[in-house]
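Chains B and C: place on chain A using the hints.
Residue numbers (our numbering), protein chains in the order written: chain A, 6 to 258; chain B, 86 to 338; chain C, 6 to 186.
Think of the hints as simulated: they come from the structure by calculation, not from any bench. A few of these clues could be false.
Claimed, not checked - No more than 20 Å apart at the CA atoms, straight line, and that leaves these computed lysine to aspartate or glutamate pairs for EDC-like:
#, chain 1, residue 1, chain 2, residue 2
1, C, Lys161, C, Asp137
2, A, Lys136, C, Glu25
3, A, Lys138, C, Asp19
4, C, Lys161, C, Asp131
5, B, Lys128, A, Glu31
6, B, Lys128, C, Asp19
7, C, Lys147, C, Glu157
8, A, Lys138, A, Glu127
9, B, Lys128, A, Glu127
10, B, Lys128, A, Glu117
11, C, Lys147, C, Asp131
12, C, Lys147, C, Asp137
13, C, Lys161, C, Glu148
14, A, Lys136, C, Asp19
Remember, predicted model here, so these are calculated numbers, not experimental data.
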Amino acid sequence: MAVTVQIERLCQRFGRTTVIEDLDLEIGMGVFGLLGPNGAGKTTLLRTLATVIAPAGGRLRLLGLDPGDPEQRRELRRRLGYLPQAMGYYPNFTVFEFVEYIALLKEMPAREIRRAVARAIERVGLGDRAKAKLKTLSGGQLRRVGIAQAIVNDPELLLLDEPTAGLDPEQRVEFRALLREIGGRGTVIVSTHLVEDVGAACTEVGLLHRGRLVFRGTPEELAALGEGTGAGDTPLERGYSAVLAGARAGARA
Amino acid sequence: MTDHLDDVAHLSTCDVCRRRAAEGLDVNLDAVWIGVAAEAWTKPAGRVERVARRLLRSPGLARALVTTPSLVPSWILASVAVLAIGALATESTGTPWVPLLAPALAGAAIAYAYGPGVDPAFELSRSLPISDRMVLLVRVLAVFGLNALLALAASLATPEIRGLSLGWLIPMTTISALGLAVATLARSANAGVAAALTGWALVVLGGAASTHRLAAAVTEVTLLPMYLAGTIGLALLALHASSGHRMERRTWQ
Amino acid sequence: MSDDELLAAIAAGDHTALRELFERHAPWMAARLRRRLPRDAVEDVLQETFIAVWRGARHYRPQGAAGGWLWAIARRQAAAWLRRNGRAVVSLDELDSPRSEDVVDRAIDRVDLEGALAQLGPAGSDRRLLVDLALVAGYPSKEVSQLLGIPEGTVKSRINRLRRRLQRALERGAEHDRPSR
Numbered sequence: 006m007a008v009t010v011q012i013e014r015l016c017q018r019f020g021r022t023t024v025i026e027d028l029d030l031e032i033g034m035g036v037f038g039l040l041g042p043n044g045a046g047k048t049t050l051l052r053t054l055a056t057v058i059a060p061a062g063g064r065l066r067l068l069g070l071d072p073g074d075p076e077q078r079r080e081l082r083r084r085l086g087y088l089p090q091a092m093g094y095y096p097n098f099t100v101f102e103f104v105e106y107i108a109l110l111k112e113m114p115a116r117e118i119r120r121a122v123a124r125a126i127e128r129v130g131l132g133d134r135a136k137a138k139l140k141t142l143s144g145g146q147l148r149r150v151g152i153a154q155a156i157v158n159d160p161e162l163l164l165l166d167e168p169t170a171g172l173d174p175e176q177r178v179e180f181r182a183l184l185r186e187i188g189g190r191g192t193v194i195v196s197t198h199l200v201e202d203v204g205a206a207c208t209e210v211g212l213l214h215r216g217r218l219v220f221r222g223t224p225e226e227l228a229a230l231g232e233g234t235g236a237g238d239t240p241l242e243r244g245y246s247a248v249l250a251g252a253r254a255g256a257r258a
Numbered sequence: 086m087t088d089h090l091d092d093v094a095h096l097s098t099c100d101v102c103r104r105r106a107a108e109g110l111d112v113n114l115d116a117v118w119i120g121v122a123a124e125a126w127t128k129p130a131g132r133v134e135r136v137a138r139r140l141l142r143s144p145g146l147a148r149a150l151v152t153t154p155s156l157v158p159s160w161i162l163a164s165v166a167v168l169a170i171g172a173l174a175t176e177s178t179g180t181p182w183v184p185l186l187a188p189a190l191a192g193a194a195i196a197y198a199y200g201p202g203v204d205p206a207f208e209l210s211r212s213l214p215i216s217d218r219m220v221l222l223v224r225v226l227a228v229f230g231l232n233a234l235l236a237l238a239a240s241l242a243t244p245e246i247r248g249l250s251l252g253w254l255i256p257m258t259t260i261s262a263l264g265l266a267v268a269t270l271a272r273s274a275n276a277g278v279a280a281a282l283t284g285w286a287l288v289v290l291g292g293a294a295s296t297h298r299l300a301a302a303v304t305e306v307t308l309l310p311m312y313l314a315g316t317i318g319l320a321l322l323a324l325h326a327s328s329g330h331r332m333e334r335r336t337w338q
Numbered sequence: 006m007s008d009d010e011l012l013a014a015i016a017a018g019d020h021t022a023l024r025e026l027f028e029r030h031a032p033w034m035a036a037r038l039r040r041r042l043p044r045d046a047v048e049d050v051l052q053e054t055f056i057a058v059w060r061g062a063r064h065y066r067p068q069g070a071a072g073g074w075l076w077a078i079a080r081r082q083a084a085a086w087l088r089r090n091g092r093a094v095v096s097l098d099e100l101d102s103p104r105s106e107d108v109v110d111r112a113i114d115r116v117d118l119e120g121a122l123a124q125l126g127p128a129g130s131d132r133r134l135l136v137d138l139a140l141v142a143g144y145p146s147k148e149v150s151q152l153l154g155i156p157e158g159t160v161k162s163r164i165n166r167l168r169r170r171l172q173r174a175l176e177r178g179a180e181h182d183r184p185s186r
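The shape of chain A in the complex, shown without the other chains:
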């Protein structure tokens, strides 16, 4: 497996709280699901990979580039797509203008931008609203705008933090299809606490608990760990609870 994301002994701290501790992780092409309860460090990890915050300790190598070096960081950012959990937006921009603005700031070749923006907008199903101002959109539609800006540059590394918030079931199905398509050509890391979202689209899953990786494997392997236990309505949920319970017990011991 060609490794695209190399995380070595990563540490992240805020003030005196350690959010991520000694994380080792290697990810290749495909869709990688990041699971875990709130406060587990999923968002912090994604923000670190998106080069929004620098690591407090450890090494990162993304798409063969070192984010610590300014030139390489800039090149990495051109090949990145990032959807934060709370994405602000400019109310008076239209859908097209906003995605185009981000495409410009991603330093995409100018000639390709308009087609790429149109394609991204169509892929998230917002073609009819392309010229609508962002302030007129619903929460789910805004989320799709966020997905569009993340994919506009056909990123090699796509980082999505809770992307399906506000999407209805039909839209989530379409979104998972989009993930699988992108995962075929690049690396997607999706953070979510909707376990079922993950099961359908992800080739691999990682479970984060208090900043440590307590499980890494396929969704089937996770489900298998939950056999026989009671907590959860689906195999994946049971596996998830089982691993978490084990992790909490281990932490207390």
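Frame of chain A, contents of chains B and C only:
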């Protein structure tokens, strides 16, 4: 059964024949639509933006520049109007209104350069190759330059007070830095505008109170060191306020 | 919505109407173009056609003949494409119904129309304007006379004369650059 492909009038109305016509076609109509949409959903860049693209050597920074709220024609016209009124008032009252008004106008304009396009999407903007700081820098320089030119033109238009034609320049840098610092600290353009206007008003009134001359703030040479110190200090504050570390403490949930 | 209604909406700036029109008409137009043109040509021509529709929808006169109007634009775009890419690819003669007997109708498909038109007079001249409106765009004489402010009878006789001259020019072949009279 024929496909009536030769009969345009028939094809105009018959859905059956239309659908049959498209069967087995190797033409990528989706790609064609993307090309059409790219044209229909947006208008081409204006002349100012095209010039900016060449000057800045960056389509992204050029777009960031033309989306600056304080560089839109209506804002510029308003500033021109205020300065024109000031110039006229000077001729009749003898008080040098242009130097007294110019710093406040510039400060407000600079504070307003921080806003749409920089924040609120700052989380996203920190993962982009063209960072929010670069955007802010380009905007601040452009807005300051423009306001300085306007003030220069206005003071040249009031010949009696020639000696003061540059008395506004140094205070303008201070009040601009004040507006920028408060805007980035409070993450609010409006806060910056308020700070710039009240700050300058206080300085002017303070100078007037102690010397009994209204224009003291822009005529007393002894004030220059204070202004310069203020500019440097506030600029550093703005720099710190927009840096990564400070953002962390405020945004982590 | 009918095609006429869609085009009116497009003229008013409604891009969703453009999408609807595209979905209705692009497939059969693509099929027709594909009979004679390579795939990438068809895609280019279709794209340019609908961009032209987006920009020029206000020139459409609602007569329930949207298909014909669209096809006329596509033909012009196809001719332009052939000019840009060398005429060696194919002739447009068979694009339209081969049953058409009218020499001028068939000739309009030919790319040397431009040369023949040039023989009628310089671009922008009254003669060219008349030919563009009546023969190329197909406006009825009554409309042309209203547009140009000349009596309908005059329009008709001038059109006939110009049509004959055009016919002769096309038969001579536009390659021979002859000074016009």
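Checked hints:
{"no.": "1", "hint": "Lys161(C) to Asp137(C)", "verdict": "holds (14 Å)"}
{"no.": "2", "hint": "Lys136(A) to Glu25(C)", "verdict": "holds (16 Å)"}
{"no.": "3", "hint": "Lys138(A) to Asp19(C)", "verdict": "holds (15 Å)"}
{"no.": "4", "hint": "Lys161(C) to Asp131(C)", "verdict": "holds (14 Å)"}
{"no.": "5", "hint": "Lys128(B) to Glu31(A)", "verdict": "violated (44 Å)"}
{"no.": "6", "hint": "Lys128(B) to Asp19(C)", "verdict": "holds (14 Å)"}
{"no.": "7", "hint": "Lys147(C) to Glu157(C)", "verdict": "holds (6 Å)"}
{"no.": "8", "hint": "Lys138(A) to Glu127(A)", "verdict": "holds (16 Å)"}
{"no.": "9", "hint": "Lys128(B) to Glu127(A)", "verdict": "holds (18 Å)"}
{"no.": "10", "hint": "Lys128(B) to Glu117(A)", "verdict": "holds (15 Å)"}
{"no.": "11", "hint": "Lys147(C) to Asp131(C)", "verdict": "holds (17 Å)"}
{"no.": "12", "hint": "Lys147(C) to Asp137(C)", "verdict": "holds (15 Å)"}
{"no.": "13", "hint": "Lys161(C) to Glu148(C)", "verdict": "holds (11 Å)"}
{"no.": "14", "hint": "Lys136(A) to Asp19(C)", "verdict": "holds (10 Å)"}
Going down the numbered hints, you'll see the structure goes against just number 5.
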